[in-house]
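Each chain, letter by letter, is given below.
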Amino acid sequence: MAAKTKFREVEGWSFGYLALLAGLGLLVLAGLGAAWFMEHNGHYVTGMNNQIVWGMPHVFAVFLIVAASGALNVASIGSVFGKTVYKPMSRLSGLLAVALMVGGLAVLVLDLGRPDRLIVAMTTYNFKSIFAWNIYLYTGFFAIVGIYLWVQIERRMNRYAAAAGWFAFLWRLILTTGTGSIFGFLVAREAYDAAVMAPLFIAMSFSFGLAIFLLLLMFTYAGTGRPLGDRILKRMGTLLAVFVAAVLYFTVVQHLTNLYAAEHVGVERFILLEGGVYTTLFWAGQVILGGLVPLGILLLPGIAGSRSGIALASMLVVLGGMAQVYVIIIGGQAYPLVLFPGMETASSFMDGAPSTYAPSLYEIGLGLGGVAFALLMVAVSVKVLAFLPESLADSAVDPHHARPTAVQPAAAGA
Amino acid sequence: MSGFDFTRRRFMSAAAAAAGVTLAPGVTLYGIGAAARELDAPASADIRWGLLIDVNRCTDGCNACVTACIEENGLEGHGRPATDAQWIRKVRVRNPKTGAEKHLPVMCQHCAEPPCVDVCPTGASLKRADGIVLVDKHICIGCRYCMLACPYKARSFIHENLSDQKPHAPRGKGTVESCTMCVHRVDAGGTPACVEACGEKGNGAMLFGDLNDPGSEISRRIATYATRQIRGDLGVDPGVWYQNL
Numbered sequence: 380m381a382a383k384t385k386f387r388e389v390e391g392w393s394f395g396y397l398a399l400l401a402g403l404g405l406l407v408l409a410g411l412g413a414a415w416f417m418e419h420n421g422h423y424v425t426g427m428n429n430q431i432v433w434g435m436p437h438v439f440a441v442f443l444i445v446a447a448s449g450a451l452n453v454a455s456i457g458s459v460f461g462k463t464v465y466k467p468m469s470r471l472s473g474l475l476a477v478a479l480m481v482g483g484l485a486v487l488v489l490d491l492g493r494p495d496r497l498i499v500a501m502t503t504y505n506f507k508s509i510f511a512w513n514i515y516l517y518t519g520f521f522a523i524v525g526i527y528l529w530v531q532i533e534r535r536m537n538r539y540a541a542a543a544g545w546f547a548f549l550w551r552l553i554l555t556t557g558t559g560s561i562f563g564f565l566v567a568r569e570a571y572d573a574a575v576m577a578p579l580f581i582a583m584s585f586s587f588g589l590a591i592f593l594l595l596l597m598f599t600y601a602g603t604g605r606p607l608g609d610r611i612l613k614r615m616g617t618l619l620a621v622f623v624a625a626v627l628y629f630t631v632v633q634h635l636t637n638l639y640a641a642e643h644v645g646v647e648r649f650i651l652l653e654g655g656v657y658t659t660l661f662w663a664g665q666v667i668l669g670g671l672v673p674l675g676i677l678l679l680p681g682i683a684g685s686r687s688g689i690a691l692a693s694m695l696v697v698l699g700g701m702a703q704v705y706v707i708i709i710g711g712q713a714y715p716l717v718l719f720p721g722m723e724t725a726s727s728f729m730d731g732a733p734s735t736y737a738p739s740l741y742e743i744g745l746g747l748g749g750v751a752f753a754l755l756m757v758a759v760s761v762k763v764l765a766f767l768p769e770s771l772a773d774s775a776v777d778p779h780h781a782r783p784t785a786v787q788p789a790a791a792g793a
Numbered sequence: 002m003s004g005f006d007f008t009r010r011r012f013m014s015a016a017a018a019a020a021g022v023t024l025a026p027g028v029t030l031y032g033i034g035a036a037a038r039e040l041d042a043p044a045s046a047d048i049r050w051g052l053l054i055d056v057n058r059c060t061d062g063c064n065a066c067v068t069a070c071i072e073e074n075g076l077e078g079h080g081r082p083a084t085d086a087q088w089i090r091k092v093r094v095r096n097p098k099t100g101a102e103k104h105l106p107v108m109c110q111h112c113a114e115p116p117c118v119d120v121c122p123t124g125a126s127l128k129r130a131d132g133i134v135l136v137d138k139h140i141c142i143g144c145r146y147c148m149l150a151c152p153y154k155a156r157s158f159i160h161e162n163l164s165d166q167k168p169h170a171p172r173g174k175g176t177v178e179s180c181t182m183c184v185h186r187v188d189a190g191g192t193p194a195c196v197e198a199c200g201e202k203g204n205g206a207m208l209f210g211d212l213n214d215p216g217s218e219i220s221r222r223i224a225t226y227a228t229r230q231i232r233g234d235l236g237v238d239p240g241v242w243y244q245n246l
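Order-wise, the sequence lines are chains A and B.
For the first sequence, our numbering begins at 380 and goes up steadily by one.
For the second sequence, our numbering begins at 2 and goes up steadily by one.
Worth double-checking, as some hints may not be accurate.
To give an idea of the interface, some chain B residues facing chain A are shown, with a C-beta separation under 8 Å as derived from the structure [to be verified]:
| hint | residue |
| --- | --- |
| 1 | R38 |
| 2 | L40 |
| 3 | C63 |
| 4 | G80 |
| 5 | R90 |
| 6 | C121 |
| 7 | P122 |
| 8 | Y146 |
| 9 | K154 |
| 10 | E161 |
| 11 | V184 |
| 12 | I223 |
| 13 | Y226 |
| 14 | R229 |
| 15 | G233 |
| 16 | L235 |
Worth flagging that the hints you see were computed from the coordinates, not collected in a lab.
Glycine residues also receive a C-beta, built at the ideal position from the N, C-alpha and C atoms.
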């Protein structure tokens, strides 16, 4: 049995740490400035319009919200599935989950036409709206992950950690089902209106969340000079490969099902062949760079398990994930709404024509501000509270490590 | 307090009835049988307001309904077609196999089962008892989910500052809006501005009336002639019908 994990705050006075805070702080300010500019002038200063009503802020927000629930997986694997190797990392996992959720929601709210009416959104509900359900799912997520973190950190409450972990795990599955259903419930849009959106989003959350967690873990442990074991990283790398494969699987199912139905061939032709930037982002961004290449890096004998390989694969999964969310949100809206099936249409309101969209700097600034705010939350939290184990060396966390007859982690994992 | 309004409303409806003029067979400017709604009375579920558009009478190049809507509701844009509001638009529909073309106006279809109302998180998107779909500008947070959900691309988001608004058609930057079926006119016993303009300056292609009243002209024509709704397959039961489409 491995020794009891010791958690300790980071020092947080190094030049690097302070520079990191300053850099993130500036990005947050830039994001707030962009939001103020958009609200002050109105959304015509953005790339969004009456055809592409959700733009780059929504790409960032949905990516962060999806990744947030996935970031909680490391904790779930420890508490729910009983993998002791993951348990020391569960505090960081919960923290990252909350931070990403806050960042994503901040972007979403600041892009509203009337962000000053947030109190209306919190007090006036239409319970038939999946958006209204999501408001409960998101706020509930904060409460549940908060309790989950508390029962882990407070020694007297540790015995409830497994129960809290189960509850958090089920909640996050429902939450991501809700996020996917925002698109799944859109009956009139050719690119959406599919039950597969919910499981696809769950697979995406597993993948994006773990990739971000891995990057954060490697960055933090390298930055603080704390030991981080190769075997634990390799285990998580293999797990990431499984999640990346799951996203590819659901993507294939989504498009294959659409291709089979003659009425959906138009939208498939648009995304897969003729959609310009969306087609490029789909194949080059989502499928190749965000899917096949990381799979190769994470699984091919010889390179699998290398630290730089895992870092590169994680980065590619994040970038590919952004491309995927972009194709889903923007590409799905760019394909013209079909009012008259089988007919060609034209009007002053761009009927029948693919919509064009170029994200403005303000939208990108707001999105990056949300990312920076999430990372800033993590950076400050690991300084003020004991989130990080002093050591994640294999000998410190892996109960089988010291034994010569240890089961190989790759076989035991997943 | 409402005594004055009462009197004014009664006066207006009486004046409207007196001014009722039949412009063309089937098209009446005022006095189609709808009484003005009292200010303190709720919209009645006995009525379902709707429109019938005879596509054969709607011609290419005629924009009378669109112009009237812009004037009536103060929708003058900023010269930015991608972000300016359009409550009603003329759509050209062409059959690629035969080359046959039709031209017709498309606006909010005032669905009986409106997807915009279903998805709205705050309930700002609403359907009145008499079938008119509206946006409550006071609780719309500007999330635009209704715009994604609408099967008819009928909604616009207000992308910039507004000035010179019409008192009867309040609008607000950062909120979503769409055709109100000229609810201010309808409540006063009148017809929507597009219908009126189509009769006066256009080709009399539009008819307004109560779909729930089997004796109304709109109901009789829908029952008699080949009429359909746009994307009727979606099951949202639009209140706007098209003849000869």
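*Report the numbers of all earlier hints that the structure fails to satisfy, in ascending order.*
1, 2, 3, 4, 11, 12, 13, 14, 15
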